[in-house]
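All chains should be modelled from the sequences, with the hints used to inform the complete structure.
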Amino acid sequence: MSRSIVGGLVAGPTGAVLGAFSGNKSYDAVSKMAVVLYFNNNYSKQLNYISTETKIDSMYYRDEQEKMQRFCVRLDKILVENENNEPTTLSTPTNSADELRKLKSLLDDGILTEEEFAAKKKQILGI
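Numbered according to UniProt numbering, the sequence shown spans residues 1 to 127.
If you are wondering where the hints come from, they were derived from the structure by calculation, not from laboratory data.
Below, a list of computed lysine-lysine pairs in the DSBU-like style, where the Cα atoms sit at most 35 angstroms apart:
1) K122 / K102
2) K122 / K77
3) K121 / K104
4) K45 / K121
5) K77 / K67
6) K67 / K32
7) K77 / K55
8) K104 / K122
9) K120 / K104
10) K32 / K45
11) K122 / K45
12) K67 / K55
In structure tokens:
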């Protein structure tokens, strides 16, 4: 018999969902062990540890389970450390230029003050 893994723990600002075993039944083997991360922008990433039927008393199963648990612990620490920080994005020149154009438009429309525009511009350019 095999046992499925389903989302069980919602953690942190990225909205990551960590896999957890389902049900209260006991099984001799699993056919899949994975961590699925769901992000706010409807993007998800699945990290597979086991994808074929594997006996739960095997060394391979224990090793993969330990790897998955270490990953989840590290991820949890990262999420806790960044919980109060503003999310950061990787900027590319095109991304920065587009963002500056949008800000300039907001300044021209009177939505942003000159001071707000200047502060945000410095932030985008990393000055």
